[in-house]
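Asker: The listed protein sequences correspond, in order, to chains A and B.
Quick note on the working numbering: the first sequence kicks off at 1 and runs consecutively.
Quick note on the working numbering: the second sequence kicks off at 205 and runs consecutively.
Bear in mind the hints are in silico, worked out from the structure with no lab data behind them.
Positions of the beta carbon are idealized from the N, C-alpha and C atoms, including for glycine.
One thing to keep in mind: the hints can contain errors.
Unchecked claim - The calculated label-pair distances, taken between Cβ atoms and stated as ranges, are:
| hint | chain 1 | residue 1 | chain 2 | residue 2 | range |
| --- | --- | --- | --- | --- | --- |
| 1 | B | 742 | A | 55 | 28 to 34 Å |
| 2 | B | 230 | A | 20 | 50 to 56 Å |
| 3 | A | 48 | B | 750 | 28 to 34 Å |
As the list claims (entries may be wrong) - Coverage of chain B stretches by chain A, computed from C-beta distances (three or more under 8 Å per stretch; other residues unrestricted):
| hint | region |
| --- | --- |
| 4 | 421 to 434 |
| 5 | 444 to 454 |
| 6 | 725 to 739 |
| 7 | 752 to 765 |
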Amino acid sequence: MSLFKQLTEKPWERKGVIGGLNPEGAFESPPERVALGFFLTIASVIFSMFGVSYVIRMSLPDWEPLAEPAQLWLNTGLLAISSVLFQWARNTANAGKQKNLMAAFIGGGVFALLFIAGQMLIWKDLQASGFYVASNPANSFFYLLTGLHIAHLLGGLWVWSKSSIRLLSGSKPEDVRLSIELCTLYWHFLLIVWLVIFAILSNT
Amino acid sequence: MAYVPLADQDSEMEMHHPHSWVTKYVWSQDHKVIAIQYGGLAIAVGVVALVLSLLMRMQLGFPETFDLIDPSSYYQSVTMHGMIMVVYMLTALLLGGFGNYLIPLMCGARDMVFPFLNMLSVWVYALSVIILMSSFFVSGGPTGAGWTLYPPQTSMAGTPGHDMGIVLMLLSLAVFIVAFTMGGLNYVTTILQYRCRGLTMMRLPLTVWGIFIATILGLFAFPALLVSAIMMLFDILLGTSFFMPAVIESGTPLDHNGGSPILFQHLFWFFGHPEVYIVALPAFGLVSDVLSTHARKNIFGYRMMVWAIIAIGGLSFVVWAHHMYVSGMHPYFGFFFATTTLIIAVPTALKVYNWVLTLWEGDIRLNAPMYFAIGFIFTFIHGGLTGLFLGNVVIDLPLSDTYFVVAHFHMVMGVSPVLVIFAALYHWYPKVTGRMFHEGMAKAHFWITFLGTYAIYLPMHYLGFLGVPRRYYAMGSTDFIPESAQDLNAAITIAALIVGAAQILFFINIFWSLRNGKKAGPNPWGSASLEWQTPDTPPKHGNWGDELPTVYRWAYDYSVPGAHEDFIPQNVPESVEPTADEQHFDPDHDASKADT
Chain A
1 MSLFKQLTEK PWERKGVIGG LNPEGAFESP PERVALGFFL TIASVIFSMF GVSYVIRMSL
61 PDWEPLAEPA QLWLNTGLLA ISSVLFQWAR NTANAGKQKN LMAAFIGGGV FALLFIAGQM
121 LIWKDLQASG FYVASNPANS FFYLLTGLHI AHLLGGLWVW SKSSIRLLSG SKPEDVRLSI
181 ELCTLYWHFL LIVWLVIFAI LSNT
Chain B
205 MAYVPLADQD SEMEMHHPHS WVTKYVWSQD HKVIAIQYGG LAIAVGVVAL VLSLLMRMQL
265 GFPETFDLID PSSYYQSVTM HGMIMVVYML TALLLGGFGN YLIPLMCGAR DMVFPFLNML
325 SVWVYALSVI ILMSSFFVSG GPTGAGWTLY PPQTSMAGTP GHDMGIVLML LSLAVFIVAF
385 TMGGLNYVTT ILQYRCRGLT MMRLPLTVWG IFIATILGLF AFPALLVSAI MMLFDILLGT
445 SFFMPAVIES GTPLDHNGGS PILFQHLFWF FGHPEVYIVA LPAFGLVSDV LSTHARKNIF
505 GYRMMVWAII AIGGLSFVVW AHHMYVSGMH PYFGFFFATT TLIIAVPTAL KVYNWVLTLW
565 EGDIRLNAPM YFAIGFIFTF IHGGLTGLFL GNVVIDLPLS DTYFVVAHFH MVMGVSPVLV
625 IFAALYHWYP KVTGRMFHEG MAKAHFWITF LGTYAIYLPM HYLGFLGVPR RYYAMGSTDF
685 IPESAQDLNA AITIAALIVG AAQILFFINI FWSLRNGKKA GPNPWGSASL EWQTPDTPPK
745 HGNWGDELPT VYRWAYDYSV PGAHEDFIPQ NVPESVEPTA DEQHFDPDHD ASKADT
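Here chain B stands alone, though its shape is the one from the complex:
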């Protein structure tokens, strides 16, 4: 039997029902507590990575004034900032945090399929973070090889952290992948098997679709990282030559011979590119739901949105070598990867059009989550368009090692997912805590963050065109970079410091509102999807009280003509739905709004 509501079996429920403070908040098997643990830890390491980026910016903007970091710690900061943000913050927060919280609630389930495995997942993730952070305290410090960890320089004497730092990084990644796999198996199995009665796949909110496909991508892509991490550990610890070529270090030939650094690059990017979409797809899903709810309108082109998520997921496995144009490849390969890169822009652009069309003639409520969601559309278009430039070999080659690339990937997979994360945190905060956040503070947080990120990254495109190289600790003086570039650098740093400081507003808001926020009620945004229909807010262990919900409709019945309210929850049967005869028909809400 496929459908076995976990908590409806008394013995099963008893098995993981918390009995003490420790089992409720520490070794908890409740998906909601696990989600908060995942999310809290991911945000905490994200703050560490943010501080590292500010240290780098202070060095770049005011090289003569601050003496906080030396060249070695600059490289270590670059590496740790990148790796933490991409893997330990974004992936963990979007899948471990939002995935854990929303999947069972949006699917009408009591919990994940394997709650014990879920608990293990978060604690193994914590272990991976501890291993990573411990590299700050070992001799030589963390690795400074860049987040891509390219051999042979990862383990050569000139690279900071070439002894213990890189070993701890690889070990931590391997442990993270174990944690992700345990979580991922739970997410996909729960979505497939534990949906409640009537909830077909095409009735799922796009959040669940995004997380579902992203998890499948992760389950296929992370093995490539695991394989490369294992082989590189062998190279470093056992002296093998999988990736290490014959190389001379300070005049002494090393014991390696004949390995292929390019092989590592292929493996790394076979993971690395899908990783972009492992982060992006859940963000696409979350933002779709936030936009639809606050525009009081069904998401435009739901089916195409689902197909686009699937198409992007599939295509993301055949574009990886566009990260390697500068490593050199057969021109036909370059042509192939440039073509696939441009093709992946088609479903992505389709999603952007659909978001904009969802807003079109919507009854838009400009709440703080909506600010962040609309902000995301701006930054994502911006970062996506520069991606089209860089997907072409001839344009990528001169720009690849400049700030243009830094601007591109920060816009598309730094700022954009982070704006969605803020939108989603504010949007679901009332469900998680039962309280409303402070709207004014959240909007101030938005404007400083949104305008600030433009102040940071827009000028970087110009720096890139000027040829300012990325990864440099200090620029020195050159013939081709005008002195005014340094003024721009200083301005970027000031903006970065302001944006960094503005995040304090977010933390004040979420902690202050825990006690002082207005009571939210079960469904403050008037949302149609299932997670807002729980009998308790915040939902109790087991989510649904005595009886699991039954679903009668899709998740986007907003502004349905003739309906009593401007939304009809998924669990409201047709028979209860007021007809047009009983209600005043509002000509502004014509049928085209409810039909796609």
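This is chain A alone, in the form it adopts within the complex:
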């Protein structure tokens, strides 16, 4: 039933059981997926707030654009591969196959770790060249946004490590299917967030 129709229902008129076992208006999804949907919305709000702050702060006169290191392109590639591997794992699990599932799922996490290592390498290089966090607001935002994105990835990797352990200890694809699906969704989300961050960091 559409949301509008639900909200215009006159509850004092209708008596008796409405709907089947599922309550009317509930999503046809496991609660975990619904909760993840809400979480992704919250994370989007957080990143949007930083985005708005970035644009406002950029317009002030002391802003000195930071030349984005070329390695960011390489790191972006690593994260994209990570996302592709997760999608592969998801498709495999959905098909109920065991073959390649472990390689794809664990490989996805490993590439995310490589991405984080790559980002930290950039931080190190920037520090070595004298671009410290407090030297200019452009630098501050660079460290802040990349750091926040890494923090979100680390949260995902925690769930990934738990699911990986379950896979390694012999869980069947159908037992870990939901975890894999949610990880994949989260990884795609973080890839999109990263692409947006990359775009606004480059747009100085």
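Assemble chain B onto chain A, guided by the hints.
Answerer: For chain B alone, coordinates are given in the frame of chain A:
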């Protein structure tokens, strides 16, 4: 499959069924125990904040007599009182306390969707309280920057707690937001997915609607506070200049340059204004249910009440800059925010009319919860009307820094939600404990609190008109404030001390009644909503015994013409409902009462 009754799956139930004292009362995953932990801790910090306010009042009322606090600790008290009351008391008590207790019961569920996350939520909240309270014991004490924490003064040497105090405050807020998010995800998912059979969204009691929309507001608004807290921590700890402008402190230029304090204000109030409704909406919901039950009448205009909650929730995101008129803005912005502020008064006023119309021709039972609920209507109208004044730029500018604003926000979001909290605590106390409270003591508590708050805040409006500035440790002598203003100040302080002391009655009552109260029975108020229909009182772990309830009607079937009793519980099927032919028809209970 969307509907998976948690405890109906044996293994799931086994997983979080308590086995020891520790898992039952400390690391409990039962939503009812978590609710009491949340509520108890929130009330405890609320008492700390109350004591701080009394210290301030003693200083303001009798500046020469008491020497309890100096100017620095006055500012620290203002700051901690405000922040604790708004975030750590009201938000935590209304959502963490009432939300946790009532959502699964009113939805006919066995527990929250994610009980472990729920347990984490309350303990992370406890951690945030510990961090906040620890700032009383660090060098320099807690921050005295005002609850709005505006930079640059938050971290400048003249502000008390500018080193450790502010860091601990920001850290504590960040931890609180993590706790709130864990709880909030649980509340919204439970309401959407774990309603029992037959319970459509429009059959939910307004309490659940209020908590649902308030939680969504919180999930969208708290990120703004988190973002500003992170950036301010960077400014303070790492020397960045997100918010800090070029500034000279005691003749020495600081290492900051070019930051925007106004940006912080926008972020803060983008959180801060919805926060008002994060507190208000659950209170609106709770009071609707208390009024309806004790008036023995369905809530007037249920659908409009739901729509108003949603409309207020949406509009609350486009009014934030009315807190910033004095910071200066383009006149068109001021016009925009003044207009949206006045528009939000429309659904809010609609709710007030509906509460009053619920009372109209009701079979009103003047029980203690009803006293508090009706008291709320008074204080809320009062605080709401002064809000209409302050929403206008030209009126706000001269009044903004005076006691008029103190009176306004205390009436509308201090006293009003607190009266609802008392109404709700007394109303649901029999379900939580299985005992009745002492009615006389509760009514005495009401009269002292209700009349006392008027004695405190009504005169403050006049002080505001006189131009008495807020945030001042001592007034000194001025040309424009008459000496009699000080008499009023002293009277306010006496009233505040009496109201503060009267709260002891509440604590005596709830603890005394635990053992000595009359047995309440399952449904002492004759309430139709689901939480009163549990097989055990207080409800046991899992809430519903062997079988989950099925819902056949909305939560407000009171005084239905021809019905056997003056309420029909939500889980009573039509076939069991006695018809008019079988019952004597009472002409006083005409059909218009049951129809909206």
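Asker: Provide an ascending list of the numbers of those earlier hints which the structure does not satisfy.
Answerer: 1, 2, 3 and 6
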